[in-house]
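J.: Taking the hints into account, I'd like the entire structure generated from these sequences.
If you read the sequence shown in the working numbering, its first letter stands for residue 100, the second for the next number, and so on.
These are calculated hints, taken from the structure and not from any lab test.
Errors might be hidden in some of the hints.
[As the list claims (entries may be wrong)] Keeping only pairs whose Cα atoms sit at most 16 Å apart, straight-line, the calculated EDC-like set for lysine to aspartate or glutamate is:
| id | residue 1 | residue 2 |
| --- | --- | --- |
| 1 | K112 | E135 |
| 2 | K112 | E140 |
| 3 | K112 | E142 |
| 4 | K129 | E151 |
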Amino acid sequence: MSGAMQAHIVRVKYETGQTGLIYASSPDLKGLLVAEHTFEELERVVPQAITELYAACGVNVVVTPIIS
Numbered sequence: 100m101s102g103a104m105q106a107h108i109v110r111v112k113y114e115t116g117q118t119g120l121i122y123a124s125s126p127d128l129k130g131l132l133v134a135e136h137t138f139e140e141l142e143r144v145v146p147q148a149i150t151e152l153y154a155a156c157g158v159n160v161v162v163t164p165i166i167s
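T.: So this is what it looks like as structure tokens:
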């Protein structure tokens, strides 16, 4: 196995827009902006969006949600 694995925390901020969509963005991951109709849909697609943003930079990640 080459390279050391590192953990990174990506905080996700949720906001409801005027049209009723719920938006997810992150102060820690530039470019993360996802909109869905329900919070459950966002919970499903946000990890994939994070994975794809890192993959675009050539980094493979495993996203594990932590709900506090």
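J.: Tell me the numbers of any earlier hints that the structure contravenes, in ascending order.
T.: none
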